[in-house]
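Chemist: Chains as they are written, first to last, in the working numbering: chain D, 46 to 502; chain Y, 46 to 502.
In case anyone wonders, no lab produced these hints; they're calculated from the structure.
Watch out, some of these pointers could steer you wrong.
Identical copies look the same in the list; a pair holds intra-copy or inter-copy alike.
[What the hints assert, rightly or not] With a Cα cut of at most 20 Å, we get these calculated EDC-like pairs of lysine to aspartate or glutamate:
1) 368 with 314
2) 438 with 306
3) 333 with 287
4) 258 with 146
5) 426 with 106
6) 127 with 332
7) 441 with 309
8) 216 with 95
9) 216 with 67
10) 84 with 153
11) 54 with 298
Protein chains: 2
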Amino acid sequence: MITTLEVLKEIYEKEKESYLNDYFNFLKFKSIATDPVFKKDVEQCANWLENYLKESGLQVEKWDTGRAPVIFASDLRAGEDKETLLIYCHYDVQPVDPLHEWTTPPFEPQIRDGEVFARGASDNKGQCFYTILALKALLKMHKQLPVNIKFLIEGEEESGSVGLSQILDSKKEALKADYLVIVDSGIGNMQTPAITLGARGIVALQMSLQEAKFDLHSGSLGGIAYNPNRALVKMLSQLHDDEGKVTVPGFYDAVIPLSVEEKEAISFDFDHTNHQHMFGFQPSGMEKGVSPHEAAWTRPTLEINGMWGGYTGAGFKTVIPAKAFAKISCRLVPNQEPETILKQVQDYLKQLTPPGMQLEVHIIAGHGKGFRTTPHSRIVKLMSESYSQVFGKPCKNILIGGSIPISVQLSEAAGAEMVLVGLGLPDDHIHAPNEHFGLERLEKGFLTICRAIELFK
Amino acid sequence: MITTLEVLKEIYEKEKESYLNDYFNFLKFKSIATDPVFKKDVEQCANWLENYLKESGLQVEKWDTGRAPVIFASDLRAGEDKETLLIYCHYDVQPVDPLHEWTTPPFEPQIRDGEVFARGASDNKGQCFYTILALKALLKMHKQLPVNIKFLIEGEEESGSVGLSQILDSKKEALKADYLVIVDSGIGNMQTPAITLGARGIVALQMSLQEAKFDLHSGSLGGIAYNPNRALVKMLSQLHDDEGKVTVPGFYDAVIPLSVEEKEAISFDFDHTNHQHMFGFQPSGMEKGVSPHEAAWTRPTLEINGMWGGYTGAGFKTVIPAKAFAKISCRLVPNQEPETILKQVQDYLKQLTPPGMQLEVHIIAGHGKGFRTTPHSRIVKLMSESYSQVFGKPCKNILIGGSIPISVQLSEAAGAEMVLVGLGLPDDHIHAPNEHFGLERLEKGFLTICRAIELFK
Chain D
46 MITTLEVLKE IYEKEKESYL NDYFNFLKFK SIATDPVFKK DVEQCANWLE NYLKESGLQV
106 EKWDTGRAPV IFASDLRAGE DKETLLIYCH YDVQPVDPLH EWTTPPFEPQ IRDGEVFARG
166 ASDNKGQCFY TILALKALLK MHKQLPVNIK FLIEGEEESG SVGLSQILDS KKEALKADYL
226 VIVDSGIGNM QTPAITLGAR GIVALQMSLQ EAKFDLHSGS LGGIAYNPNR ALVKMLSQLH
286 DDEGKVTVPG FYDAVIPLSV EEKEAISFDF DHTNHQHMFG FQPSGMEKGV SPHEAAWTRP
346 TLEINGMWGG YTGAGFKTVI PAKAFAKISC RLVPNQEPET ILKQVQDYLK QLTPPGMQLE
406 VHIIAGHGKG FRTTPHSRIV KLMSESYSQV FGKPCKNILI GGSIPISVQL SEAAGAEMVL
466 VGLGLPDDHI HAPNEHFGLE RLEKGFLTIC RAIELFK
Chain Y
46 MITTLEVLKE IYEKEKESYL NDYFNFLKFK SIATDPVFKK DVEQCANWLE NYLKESGLQV
106 EKWDTGRAPV IFASDLRAGE DKETLLIYCH YDVQPVDPLH EWTTPPFEPQ IRDGEVFARG
166 ASDNKGQCFY TILALKALLK MHKQLPVNIK FLIEGEEESG SVGLSQILDS KKEALKADYL
226 VIVDSGIGNM QTPAITLGAR GIVALQMSLQ EAKFDLHSGS LGGIAYNPNR ALVKMLSQLH
286 DDEGKVTVPG FYDAVIPLSV EEKEAISFDF DHTNHQHMFG FQPSGMEKGV SPHEAAWTRP
346 TLEINGMWGG YTGAGFKTVI PAKAFAKISC RLVPNQEPET ILKQVQDYLK QLTPPGMQLE
406 VHIIAGHGKG FRTTPHSRIV KLMSESYSQV FGKPCKNILI GGSIPISVQL SEAAGAEMVL
466 VGLGLPDDHI HAPNEHFGLE RLEKGFLTIC RAIELFK
């Protein structure tokens, strides 16, 4: 039995105040799993989630991974003859620096102009929470759901899902499902509902260069020492050619172009005016001849996500640093093997290292493959239908440039057909200061999940 | 009347304990003038110096510069028919980061193996302090000195002497002198006494590149955005060619090669084994065909003293930063005009900036010219004689690669012939963690200054 959207909206409206209050409590946890300083906060967030899901009527387990705990909630009362839907979200968030650029503190949520500002407001606590609310409301309304629900909320998505990845094999049975819906994606704008058919993979490493045993005086030794900053910029500058292509030998070897069917099914529209308005620049990072969305969705990249060397404080210090550092990540497209790419990048870095300079490379744990799914799968059609109904418009297909590192492994472990959905917007400032998520989207997200689950029958 | 070295050594030995105690008190002040956080510490250090010099028997004035105060001490009782010697030192020190690399805290001096470890132990509090001790001892011993003494101790040498430079014009009369001895230099090793005939000048700037209005997600926008880190490394990598030459157009135009006389007078010996032992690397930063000491002493350089962009903390953050930064300085040789070089570097940076990227350049106040003096001047001969006697060996002539930004302006304002002296050693770790200065050198420095002053007659 399908509840009308009007009834669902009424339910949401009635509970809105307490929903928002709970959402804010969720946002207040400093669940930055990548930084050991926040270990306790991560655990407290997991405990809160565990209780909240229990109170919402789900069976809940907390899986120990030796790292951030994984929350696994389920309602299997639909029965063995019904299909099983596995939903994936995460409760960890990105670091908050540069902290001084936040208008209000990142873990003290605030509403301004209908948007909730907080770290994780969008990625992924906002999307996770409307999913929770949908399950909570449905379980309150119905004796039984038309589909078995398994809901996995992990705590290390932003740092490569290392813990979850290690226990996946032992949890195959628990995770077994027909479909995997990852609620960690977005749409281009509020006028264009869309389902995400693919994401990029990711690998990451940190490197350092060292010459002298300690920092040197740039007067006494300037001209004698080869400054590691100079060596680093020289090396890093050789990682792209003048046409924006990554120069790492073999980097593009495994890239498979989109099929005609994929090209037709996916909407590559790009609104330059809106982009300029949101981000303040015109796209200029693409390889020559590649359109913006093709670049971000179907081509691999290599980015310097961080670099530093020498004095970075106030004033000036005439130092030649002993060491210079960079954090580098690559986004991968389907068929590119993370291990292969990591080896290619490392080999090339070694090759580029000037004589006398010592290179150290540290691989960041938790890489993941890219994937693309077919527009014709049942779960894609079902989610599309839900989005179309909630938005009152036809639903498009898109890809994303981001990565859900665990996605391919997880869908394989669960034996499930995968799709990505979500209501993130390009200017949510995810991973950046002043991240935000709209109250309107919290409700629409709630409706899309309610409706999708009811469409199973 | 000349006191024998034996008597001077006896005096030093007798007072050693109290001398060391006072030296440690001087080292405890966190006089990092470049960082506004330490404004109060800088002032307290100046006040301490003022009192200490008064108690040592000197007339003392504290000159307000609107920034770090300048201490001006004098003893003019030699009379108008005698020559006047202006001595220059500084009480400000370099920042201490990376703090975690210090074996003991930088402002809690400690003696290990005859070396005093503390920020400023060598540069310049150590050298400043043995100069103070020499004056203190001489004034206690003699009714009258053979030369009028003016002693200037400033508080912004490490950040370009901005305050002193602003008041120089108004202090010309007070500073008037025949000779200027800057006690902020060094020797190659303890077996080779040397006088420094020249130093390099310096200019410095900070630059930033920006594309987007805020930090971006390297998944969503990676491939669309031109990462400012990538733009920065590309720009910075173009500042040197493959032979190590600075590529800034016009950079070398004003460089005048050493004269035959200078080449003969200056010892360019370089001990590769000792260098490897001290610093852990073989010289590789020179322009092609230039020897290490020629490179550091007679050629201009461009160094990236600091750079940063994106995430630099623990773990990983998949960000494309809005901004990337670099701190750049150039060491200049005589005849290179700081203003000209700054303009050339800025023009070149503008030229290298990729379309769409916004370049901002901030010139660091307090640049200074390079200089070289003749080996035949009276003050050079007199200081050489003092060093020869104290070390019991012939004294050589060297240059330094470092800069005393105010030196040329100061010698012009005072109308004085200039020379640099000092007992810094190449592995004192100045400007770096674990800076140190030897107790033996504190005594030898004391002796050289005592002896030099007594040689005026």
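Chemist: Run through the hints listed earlier and report the numbers of any the structure violates, in increasing order.
Modeler: Result: hints 1, 2, 5, 6, 9, 11 break, sorted rising.
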